[in-house]
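Engineer: Listed here are the chains, written in short residue letters.
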Amino acid sequence: MILFGRQIPAFFSLLIWGGIWEIVGQLDLVFIFPPLSSVLVALVEVAQRRDFHEAAAVSLKAFSIGMGFAITGGIFIGFLMGRVETADKVLGMWVNIFASAPLSSLVPVLMLLFGLGQLTIIVTVILFSIWIIALDTYAGVRHISPSLEEMGKSFGASRWQLLYKVLFWAALPEILAGVRMGLIRAVKGIVIGQLLVAVVALGRMFQTYSRSFLMEEFWALTLILFVFALGFSSLIGLLEHRVEYYAGTRI
Amino acid sequence: MPTSLQSMPRADDGAPVSKTENIVEVRDITKFYGTDVHALEKINLGIPVGQMTTFLGPSGCGKTTLLKIIAGLLEPTSGEILIKGAPVSGPGPERAFVFQDFALLPWATVLRNVAFGLELRHEAKNEREKVARHYIAEVGISGFEQKYPHELSGGMRQRVGLARALAVNAEVLLMDEPFSAVDEQTRRKFQEDLLHLLAVEKKTVIFVTHSIEEAVYLSDQIVLLSPRPGRIHSIIRPEISRDAGPDEIRRDKNYLDHVEEIWQDLRKYLE
Ligand SMILES: Nc1ncnc2c1ncn2[C@@H]1O[C@H](COP(=O)(O)OP(=O)(O)OP(=O)(O)O)[C@@H](O)[C@H]1O
Ligand SMILES: [Mg+2]
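Protein chains in written order, with the working numbering: chain W, 1 to 251; chain E, 1001 to 1271.
Since the hints were derived computationally from the structure, they do not count as laboratory data. For glycine and all other residues, C-beta sits at the position ideal for the given N, C-alpha and C. Keep in mind that the hints are not guaranteed to be accurate.
From the derived model, a few chain W residues whose C-beta atoms are all more than 10 angstroms from chain E [unchecked claim]:
#: 1; residue: Ile23
#: 2; residue: Val41
#: 3; residue: Ala139
To give a feel for the contact side, a few chain W residues facing chain E, derived at Cβ under 10 angstroms [what the hints assert, rightly or not]:
#: 4; residue: Met151
#: 5; residue: Gly152
#: 6; residue: Phe155
#: 7; residue: Ala157
#: 8; residue: Lys165
#: 9; residue: Val166
#: 10; residue: Ala170
#: 11; residue: Leu172
Please model the entire structure based on the sequences and the hints provided.
Structural biologist: Structure below.
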């Protein structure tokens, strides 16, 4: 964030926003904005509740399963498109469309198809994240220096060895970038999905809180989700950092 | 045998070549890229065992193409490659490639990079690392085993590439402009080290270069290619005595005459 022409460290910018939130809340202007302090109190309280733990566990599980499928599927599709010309022709357009389509409008359809349960969350997560993972993997595969592949072949690598000892690692920086973006999209998807689905796990808690105008609790829940998403994404960021040294030096 | 300044077309080049055995035979190799790009036209060539053969020619004449066909990395449109008398298709353990851009695994240490060919052959880890350490020492980069490629200079990276090729113990080393990405001083040092190393290791080397000086300095046999479609223009055997030091060789009349003669030949193509 830039304030008065100076770069403000992320942490301070958070503090400033927090301060603004507190002031607006204390002024009691809009009832949907309770002061930050009372939200934080609610957060501590919510974080200790049994039903929150259960709901979070269910959501996290569905989320992880969905991400697992999206990562494997996305990497697979990306490699297929990157390595097989026909696959690129057949899939390329669709993957691009899905990666940029407003998928939230599909969530109600998914609810009809898969019912009001975990399965819908899983499918939503996959749907929101798999395409960008596929696209980034594809970009990574296309980026691989041809001589690296020739090197593998000339030293007698089998197709399989070439794939898991050379090509996968060579594309890893892009793959990780895709996974991080997919993760963020999946969180978005799950938030939208949860709010719409509203009957399972965290979604139901959201629904309950907003319907009963428990704004402190509602915002507490939102903050928790936010922190989770941030945590996940910085975890991937950390991994990305570990391969950064060679992402730049690849030819 | 006295050195003749005459370029010797392959047809009457029989005398010196027939005495030594050819480890690689190039037979009628023609290569088209797609239907339009005619890269090579009926190349016939013998690579004598234990010698250094250089491909020299104008840019785009098909040197890399020919080298990759010999390496088994490219399919020829017609013709065949024989290794020790047997036709081959695809890469094989008797040939190892040294790449112009080094082609090192950026995520692997020098040690793992050098051992990579052996890793692909499923050799035990301590076995292959022992071999790798030996060649790391031999190319003069001991102490850098645990470094990553991006921590090394261009010259050192190419030494890693060379050590990797030596580690698989192939009889034929194929090098595509291995020194083009390193600076001139490093290049000279590298050339000397390479000559020394090859005297010890007794390899057959096929070497692509743009540099006439490099070709004359290093080669037992220089294959001059004509512009696209590449054909063999002439084969030259400089027969420079390697007993003298590198600086004397570079001042040697024989050496300078060969450089001049090849320059006159290649110059025609520039006009
Ligand atoms: N994959 C390809 N598709 C089409 N044409 C190609 C391909 N690779 C090479 N060529 C063409 O074939 C010809 C020979 O290429 P090659 O790389 O073998 O030449 P070279 O002698 O190694 O050139 P340089 O000295 O620039 O390295 C060139 O004209 C090049 O443009
Ligand atoms: Mg070339």
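Engineer: With reference to the structure, classify each hint as holding or not holding.
Structural biologist: Comparing the hints with the structure gives:
{"no.": "1", "hint": "Ile23", "in the structure": "holds (50 angstroms)"}
{"no.": "2", "hint": "Val41", "in the structure": "holds (48 angstroms)"}
{"no.": "3", "hint": "Ala139", "in the structure": "holds (18 angstroms)"}
{"no.": "4", "hint": "Met151", "in the structure": "holds (4 angstroms)"}
{"no.": "5", "hint": "Gly152", "in the structure": "holds (8 angstroms)"}
{"no.": "6", "hint": "Phe155", "in the structure": "holds (4 angstroms)"}
{"no.": "7", "hint": "Ala157", "in the structure": "holds (5 angstroms)"}
{"no.": "8", "hint": "Lys165", "in the structure": "holds (7 angstroms)"}
{"no.": "9", "hint": "Val166", "in the structure": "holds (7 angstroms)"}
{"no.": "10", "hint": "Ala170", "in the structure": "holds (8 angstroms)"}
{"no.": "11", "hint": "Leu172", "in the structure": "holds (8 angstroms)"}
In the structure shown, no violation is registered for any of the earlier numbered hints.
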